[in-house]
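Colleague: Input sequences plus hints: build the corresponding full structure.
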Amino acid sequence: MRNPATILCTAVLVSAALAAPSSAELAASSSTAPAAPSSAELVVSSSAKPFTPKSYIKTVLDASPTMRKAEQDFKQSENSYKAAVLDAALPSFTFSMSDSLYDEQDRRLRLNHDEVSSSLSASWNLYDSASSPLRRIKIARLDYKAARLVLLTAKQAEAVKALNRFYALYSAQRRIGTAKMNLASRERQYKDTNEQFESGTRSRIEVTQSEGDKLQSELSLAQAETAERKALMSFNELINAEPEAQQAVEISTQAADIKLPLPKEDVAKALENNFSLRQQKLSLEKTGLSNRAGVLSNYPRFKVDAAWRKTGLGILGTPGGSGAGNPAYGLGASLSYPFGFLGVQNSLELDVLESALISAGLEIENSARALKTSVLSAQKDIELQVKSRQLLEFQVKAQMDTTDNLLTEYSLGGASFLQLDSSQTKLLDSSNGQITAVNDLDLALANYRVLLGEKIWE
Numbered sequence: 001m002r003n004p005a006t007i008l009c010t011a012v013l014v015s016a017a018l019a020a021p022s023s024a025e026l027a028a029s030s031s032t033a034p035a036a037p038s039s040a041e042l043v044v045s046s047s048a049k050p051f052t053p054k055s056y057i058k059t060v061l062d063a064s065p066t067m068r069k070a071e072q073d074f075k076q077s078e079n080s081y082k083a084a085v086l087d088a089a090l091p092s093f094t095f096s097m098s099d100s101l102y103d104e105q106d107r108r109l110r111l112n113h114d115e116v117s118s119s120l121s122a123s124w125n126l127y128d129s130a131s132s133p134l135r136r137i138k139i140a141r142l143d144y145k146a147a148r149l150v151l152l153t154a155k156q157a158e159a160v161k162a163l164n165r166f167y168a169l170y171s172a173q174r175r176i177g178t179a180k181m182n183l184a185s186r187e188r189q190y191k192d193t194n195e196q197f198e199s200g201t202r203s204r205i206e207v208t209q210s211e212g213d214k215l216q217s218e219l220s221l222a223q224a225e226t227a228e229r230k231a232l233m234s235f236n237e238l239i240n241a242e243p244e245a246q247q248a249v250e251i252s253t254q255a256a257d258i259k260l261p262l263p264k265e266d267v268a269k270a271l272e273n274n275f276s277l278r279q280q281k282l283s284l285e286k287t288g289l290s291n292r293a294g295v296l297s298n299y300p301r302f303k304v305d306a307a308w309r310k311t312g313l314g315i316l317g318t319p320g321g322s323g324a325g326n327p328a329y330g331l332g333a334s335l336s337y338p339f340g341f342l343g344v345q346n347s348l349e350l351d352v353l354e355s356a357l358i359s360a361g362l363e364i365e366n367s368a369r370a371l372k373t374s375v376l377s378a379q380k381d382i383e384l385q386v387k388s389r390q391l392l393e394f395q396v397k398a399q400m401d402t403t404d405n406l407l408t409e410y411s412l413g414g415a416s417f418l419q420l421d422s423s424q425t426k427l428l429d430s431s432n433g434q435i436t437a438v439n440d441l442d443l444a445l446a447n448y449r450v451l452l453g454e455k456i457w458e
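Start counting the sequence shown at 1; every next residue gets the next number (our numbering).
Everything labelled a hint here was simulated from the structure, so no lab data went into it. Hints may be right or wrong, so weigh each one.
As the list claims (entries may be wrong) - Label-pair restraints from in silico Cβ distances:
| # | residue 1 | residue 2 | range |
| --- | --- | --- | --- |
| 1 | L348 | S117 | 45 to 51 Å |
| 2 | D305 | E71 | 34 to 40 Å |
| 3 | E71 | L331 | 40 to 46 Å |
Here a beta-carbon is modelled for each residue, glycine too, at the ideal position from N, C-alpha and C.
Modeller: Set out below in structure tokens:
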């Protein structure tokens, strides 16, 4: 039969190594709950269904005021785009009514509907060499695309924040489990040390040291519980839940499916799809269109406009009017050339526009170089984290076996106090390190997808 302390150490390993804890044990308090859970299940919530990273992100996005504001801003941009398209592609109508309330001919203050004049007019720009309707529609379209990217960027940022809160709670809850197991092991050791002191095989110093280690484990558990409370409040904040409402979280990491090395083709994917770089490219395209209009406006400008006007509408009892020239309509063309003082201002304005376009292009070049470096650096970090996680898994298993053997020897009076204490500490550190490694790797993969311009909330 295995030593009870050995069973405790085995539980430490299981608690730290499992990636998907269950909330079944807490659910056992309800009338429909299953029987006692297995050792692989972690009690963290009264919720029937634990949160996964994906479900938590969805809940956060649904509850986020930041996202609601971003969506409202996008709707405004969408309406602005539609208005710009209509303004550029369709005639503009103006209705007016006027009346003379007082004049030198009749100095009485009056309001006479017989003196009211009314008119309806329409104007339509058919062609403008400097700012054609088609160019204005293109600029409005670019503004709309940019607004959509702003919305996606806000959604991505909120999803990353949610993931960080999720893994902070997951880590804190797991550390409580390892802290409890370590405390149980220290209490067992303290009991054995006292018994062996009574029999004369252990010294008073070892008893004191063992008691100090037990007290330190109690403090570590209290610290882990405090950290879990804080992480829980931060977790609940993003889903509008009560600060201390219990939550269950579980993960199903895909880290094991990673094929190293990561493909170099991801650099090209990032350069094409990264949200921030796409925004800069849209901005450059818009600057190019605006600059072209600015350049053309410094040259002879040719416009073609259509106009229509009818006066004396005869509405609401006001005087009507008809006859020759009412309504009036026509098609006109104009040619203008504002060249300032001998064209000096025109030349300077052209230089300014050209410099602005060149600067925007250089900014994109800088951003593309930085993005390429970020993707390649992230690849190396992920490769290192995968190897680190594999090493920690090995260390936990190896340290568990070592502690298992030392506990057996210690209970028989063989192994020294320092050997057992060192082994238990290493096991605790390795178990917590393994939890951190799972978190760091999954978060690194999420941030890598951000660089590639992927929607991490899907």
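Colleague: For every hint, state whether the structure bears it out.
Modeller: Hints, one by one, checked against the model:
For the hinted restraint 45 to 51 Å between L348 and S117, the CB-CB distance of approximately 46 Å keeps it satisfied. Between D305 and E71 the Cβ separation comes to about 39 Å, which falls inside the hinted range of 34 to 40 Å. Between E71 and L331, the C-beta spacing of about 44 Å keeps the proposed range 40 to 46 Å intact.
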